[in-house]
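Q: Put the two chains together into one complex; each comes in its own frame, and the hints tell you how they fit.
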Amino acid sequence: MSMDDQLMLRMEGITKRFPGVLANDNIHFDVRRGEVHGLLGENGAGKTTLMNILYGLHRPESGEIYLNGKKVEILSPANAVELGIGMVHQHFMLVEPLTALENVVLGISPERPPFLDLEPARKRFTQLCEEYDLQLDPSTEVWRLPVGKQQWLEILKQLFRNAQLLVLDEPTSVLAPAEAEQLFKTVRRFAEEGRSVIFISHKLGEVLEVTDRITVLRDGHVIGTVPTSQATRPELARMMVGRTVILERKPREKIRAADPVLLIEKLCCKNDRGLPALKDLNLALFPGEIVGVAGVDGNGQRELAECIAGLRKPTSGLVRIKGVLVDHVIADPSLLGYIPEDRRKTGLSIDLNVEENLVIKDYERPPFTQKGMLRWGMIREHSTNLIRDFDIRTPSPSVPVRHLSGGNQQRVVVARELCAKPALVVASQPTRGLDLAAVEGVHDVLLRERNRGAGVLFISTELQEVLSLSDRIVVLFRGEIMGDVAAENTDINLIGEMMLGHRIEELAA
Amino acid sequence: MIKATALREKLVLPAIGELLLSSFRPLLGILLAFIVSAGMIALAGANPIQAYRALIEGAIGSPQSIANTMVRASPLLLGGLGAAVGVKAGLWNVGIEGQMYAGAVGATAVALIPLPVPSWLHVTLSMLAAAVFGAAWGLIPAYLRAYRGVNEVVTTLMLNYVGIYFASWLVHEPQPLAEPDAFYPMSRIILPSARLPILLKGSSLHPGPIIGIALCVVAYLILRYTPFGFRTRLIGSNPEVARYTGMNVNRQILFVLILAAAMGGVAGSGEILGLKLRLYDFFVGGVGYEALAVALLVMGNPLLVIPGALFFGGLKSGAASMQITTGIEAPMALVIQALCVLFVIGVGFAERRWIDRRKQKVTEEAKANGY
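Listed in order, the protein sequences are those of chains A and B. Residues in the first sequence are numbered consecutively from 1, following the working numbering. Residues in the second sequence are numbered consecutively from 1, following the working numbering.
If you're looking for bench data, these hints aren't it; they were derived computationally from the structure. Yeah, the Cβ is synthetic: ideal placement off N, Cα and C, and Gly gets one too. Heads up, a few of these hints could be off.
[To be verified] Below, a list of computed lysine to aspartate or glutamate pairs in the EDC-like style, where the Cα atoms sit at most 20 Å apart: (1) LYS270/A with ASP259/A; (2) LYS123/A with GLU111/A; (3) LYS345/A with GLU351/B; (4) LYS313/A with ASP327/A; (5) LYS270/A with GLU235/A; (6) LYS279/A with ASP259/A; (7) LYS185/A with ASP169/A; (8) LYS270/A with GLU240/B; (9) LYS149/A with GLU181/A; (10) LYS345/A with GLU329/B; (11) LYS313/A with ASP356/B; (12) LYS185/A with GLU206/A.
[Claimed, not checked] Stretches of chain A that chain B covers, calculated by requiring three or more beta carbons in the stretch to come under 8 Å of a beta carbon on chain B: (13) 223-235; (14) 339-348.
Okay, chain B solo, but in the shape it has when bound (with noise of 0.2 Å):
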């Protein structure tokens, strides 16, 4: 009985010693990402203590300053969630920067109608036309995943680069939604019923962070306490098992990546509507794919996108400081972000192991002693 007792105290261990590693896992990937990159630092020929010191005033270090790092995280929160959703549901949802433009394109077209609606809702048809179409978008690889067996990594990437041309075609005169005789390709400026309002003075903070923030506390709880969520977690744990179970995988795969495109769209809108109010020609610029970046870094938890994005985010608006204080280049942020990533993926495959040939000790010892 008391070898029995102490069996079960080293069978606990790894399983609370694995939980206390799983959040310690991205906090040990990021902290070895910046030793990296102080060296890297260094090398350029700057202080990294310094340029650190610069990097975090400039992301934290006043009001105006976590506007900033709140804004830069607004598509990440939203476009992060959206690969994170699929993440989960075993999905590699690498098309968030072409949901991104779809989205825009709803967003911005609804936006330029004059409508005779109060501005709230303005605002709300806009999104929701921002999700509508990004779920559109997401619908032709999701149905080629689900129905036809096509990788959904190729169609959801491919179709980036189609909808970053739609967009741009869009954008061109004389197509309806550009404006004339512009110096840069871009759609007309939306009208100010649709714009999402700004949050604080002097600043360009607008609620689209916040609603990002809602959407993950809501995505997380429907993984967590709804049978939709509980078919996500198990088709992206073991499809094979999910069949078994007599679930229609298939319609799962297609609503899971629709949904996850429908949050590409939205956080394309928010760009629009609360910050640019203008489609630009390639205004997403590769954020959809930093998005895809703080999935990863999360490994596909709904409630960490929350501080995943804002540490992407700060590490974007505090670049600009770290570059005017050090001279570093602010492409230093993308730099560290990637290692970042890398870290902590390898950082979860050291603790894999180390939880492996812990287990394979205990299962021996336990065998020992004839349990």
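Isolated chain A, as found in the complex (with noise of 0.2 Å):
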């Protein structure tokens, strides 16, 4: 039981399966009073269904948690903020037209109902901001704050609630350094009054920094439980990303070409925050080689494909893609094919049918649009063709693509935009959700693309893809190129370092 004394949380066998996917595999994982406990992994690894379980907005299919060694069934939030749980959601749970004060008392009945009388609450609110160091007015209305303050709120009313053990979900995603530094001294803090946070992170720096243990999760299971004091960056990174099934890299011939296909020039942008997103970025991309795009979710990948495309504007700084200025959306498919990160929200019209989808980049020229008139006579040859020769698994043409597979979706949209064979290739995450078939099928289309003199720009998150699938790589951090590495022989840690946020000339050195 001495053990027992010192755990806040047990979660014991945890499995949790949605349709097609094992998100939990009977996962084991204790959190210790007073502790700062970082929970590691990837996208996609099981860290938020982990705590969405924890915080009873999933029943687990089996397993058994433990508070304070005492069994316990956590049916909703409410029961979860009843044990003292409490969870700083990556995206606030805030309404922004109230003041800060409103924000902390909302979902606290009154003293004397049905009177709301805030005085009392004002009290504790400024007392806690005192003794925490947090800068926050009470009434000051939510949308005035900057999001630093907004998180200090979020924090401030797991206070208020008196909660003992805090889930901070990816907390610094949203925060300037100097932000999480002072985030991180509130944890510490918390932490020190003998209350337990569990702090989220797929960023390794910070989880070093913060915590005092950390589990690292990979595909649903616990790879492992390591003190912060004995763990060190490249053994981390080994356990976040070392793949269960490792994708053989195929053989492939140089090509060489003069004139990058890709060429961009100190390009800033901004992400849909406001905040910048590329800095001063220089890529050339030649015809016949596929560069990767390595780095942790989130360093400006996204910002990146669509300044190629023509759908972000840059704040300042050049795209051209074969001598022709992207200032527009670049919607030519024998220049570029762009297969998007997100195919069900940007790829496709998934209440459109498939042969719909197959031409919404070229409805409006010859031969499918003649006179004015759509020829559907022709849209249903063309769409016949792509769905034989890029192997779409549907029943008819006029099959609405929200009934096919993820698999067959995305090869809808790899048929479009790779048909009319584009000098440029652009594929955002394009094997994210897949199942490992249809990942290799994928990657030999692009492989294809290449070798037909096509340039290739692969974005992944998945380190062990970029790895097998690229011919150079180059890795973003917040919005820089760290490195540009030939991707044969290369060393998997030298990549993991440079998605960190280390210069290839830091690490040569």
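A: Next up, the structure:
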């Protein structure tokens, strides 16, 4: 029982299945009292599922949860809050038009219903702010607060509810470095009082900085739990990215070309939040090569792809495809084939059928439109050919795309983007969510494009596939390229270090 | 190979099932609405079967009643089309009511000017004026939606009131359209040369419904067979994808909303030029909202607007005879209309869930078979 005395939380044999995915497979996980415990893993490793189970958002198929040595059933978030579990989601759960104070008391029953007296709450709010050194004005509306302060408010909400176990889901993804420092201080402070924190992240550096122990998840399994004092970056990186199935590197011939098909000069742009996403990025890509873009998700990959496709306006700098300046959406299928990151949102219109989706970029060109009229006969012929050539498994061209499997939906996008033999192919996370056979299929197609003489920009957060498919690898970190190396015989740990923000020049030294 | 074939058949099934259901969906919804309404009629103390018989009799029992149904359907056809085009593009044109008033103002103004032209041309010019007035009315929400991101539901809805009272102001003395010393605010009577002909003696059947049906067919052909139509369906199904294809999404939104509003304008002109011959104060009386209900009933399909509008028109013309025979007040027709829309939407949801379950089962079997 002495073990349990130290333990705030113990999760035993947690298994959770989603249709087609084993999100958590017999997971054992515990958190000590007064500990900051890092939960590390790539996207889709099962971190969020595990935490959603803890917070009562999902029910596990099997497994037990013990809080302070007592077995508990967590049926809903309200349940979790009652048990002293607090969660700060990656996307804040704040009501923007309400004030900071109103947000904090939201969901807590007033002392004398139906009247709401905010004065006691205001006192407690100010007191907690002083105690934890958080500068927050209770009467400011949330929309006026900068993101960093909104996060303080989220944490304050949990303090107000007297949470004993705090879950922070990717807390630094929206923060500037200085704000992150302040967050770490608060987190440590929280733990010193004998409470516990689960710190979810896929950023190695900060996990090493702020935690006491680290558990690494991969593909729904616990790979291991290590004390932070004994952990090293390369070891953690290996635990995180090591694939159970290693994709083999296929042999290929070198192709030499003089002029780059894609030339990016001093490209800067902002992300959707208006923060800088790319900083003075330079890149030249030649015909007949696959350049892999490695990096932890959210370091500017999406913005890079969108700038090349003309979907995002750069704040400065130039992008040229075969000499053509990109200052508009590039819809010329012989110039650019673009496989976007989110196929169901940007790549396909899932309510339209297969043949319609196969021509959404070409419908206005002959032979699909002649004399101002759509020629459905030609469209049918074209789509039947593509369905055959790209092995799209669909009962007929007139089936809505929503009825196809993920792999076949991806084949529709790939077929449309590559059928006109584009000079440049940009594939953004093209294998995300696909099973291994479908992944190999996508790799084969991209390799075929390269061998045909197209330049291929292959963006992926799965390091293993970047290594096995690319000719050259560039590593993105916070919108900058950390290094540019030949892919063959590259040390995976070197790439891993660059993914964490070390420039290749520093590493060589 | 056998497995693959069997699987293909299974994958085909939901597609066919969906097709069958999509045509049955409105019918099933309507059936459910009639069952529930029967209960309400019974509660009101009448025999539902007798009431429905009178309703049907009044809607399609004689050439006169059919003509009456067509006349009632006329604004629903044109207005329903105006709303349906929007639905296809993912835009909610809730402003048919106001656009009908705007169109009526345009049509009345031109129909009151003595023009040295043949009658067919005077009628055509009056209808064109209605289309232009409707389009101009729609330009405001269209621009705001396309280039300023203002929700079109709010703007089109609010402009309805502006339209209603703008028309009202115009038919009150001393405004130039108003009839002097009238017992009720109305415009002067339109010139004979601007009137639509009566097609059936002893009825008020004018060509409005036929124009409406023709425009529904044209709209269907445009949506299906032109790049403009393809663009419209694309922004309706996924605007993000539309942007990704390089399309000028904002311009498309602008055009579609203006076009939809022009239809609303023409819907208003049919009532003036074919039926009422004057612009009466508050003459639309909610028909614009019924037109929206038609569009909802048929999920925005322009071809199905035709039966949808005729059905609603039939309900309205039948309701009068139901009232005479059974004493059930004519507004019961409005209740039935509302229930039809609600049930059709409800059946749509049930169907979507059915398909999802079915699809999941097929996918799981496919996975189990290693396909």
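Q: For LYS185/A and GLU206/A, compute the direct alpha-carbon distance and say whether it is at most 20 Å.
A: The given pair, whose Cα atoms are some 12 Å apart, holds under the 20 Å limit.
Q: Closer than 8 Å, Cβ to Cβ, for at least three residues: run that test on the stretch 339-348 of chain A against chain B and report holds or violated.
A: holds (count 5)
Q: Keeping to a limit of 20 Å between CA atoms, is the pair of LYS270/A and GLU240/B held or broken?
A: holds, 19 Å
Q: Given the hinted pair LYS185/A and ASP169/A, is their Cα-Cα distance within 20 Å?
A: holds, 17 Å
Q: Given the hinted pair LYS345/A and GLU329/B, is their Cα-Cα distance within 20 Å?
A: Violated: LYS345/A and GLU329/B sit about 49 Å apart, past 20 Å.
Q: Between the alpha carbons of LYS270/A and ASP259/A, is the straight-line distance 20 Å or under?
A: Measuring from Cα to Cα gives roughly 29 Å; hence the hint is violated.
Q: Does the structure keep LYS279/A and ASP259/A at a Cα separation of 20 Å or less?
A: With a Cα-Cα distance of about 24 Å, the restraint between LYS279/A and ASP259/A is violated, given a limit of 20 Å.
Q: Under 8 Å between beta-carbons, do enough residues of the stretch 223-235 of chain A, three at least, approach chain B for the coverage claim to hold?
A: violated (count 0)
Q: Is LYS313/A close enough to ASP327/A, meaning Cα to Cα at most 20 Å?
A: holds, 7 Å
Q: Between LYS270/A and GLU235/A, is the straight-line Cα distance small enough, at 20 Å or below?
A: Given pair LYS270/A, GLU235/A is violated - Cα atoms ~33 Å apart, limit 20 Å.
Q: Taking only the CA atoms, is the gap from LYS149/A to GLU181/A under or equal to 20 Å?
A: holds, 13 Å
Q: Is LYS345/A within 20 Å of GLU351/B, Cα to Cα?
A: Violated. LYS345/A to GLU351/B sits at ~23 Å, over the 20 Å cutoff.
In this structure, the earlier hints numbered 1, 3, 5, 6, 10, 11 and 13 are contradicted, and the remaining ones agree with it.
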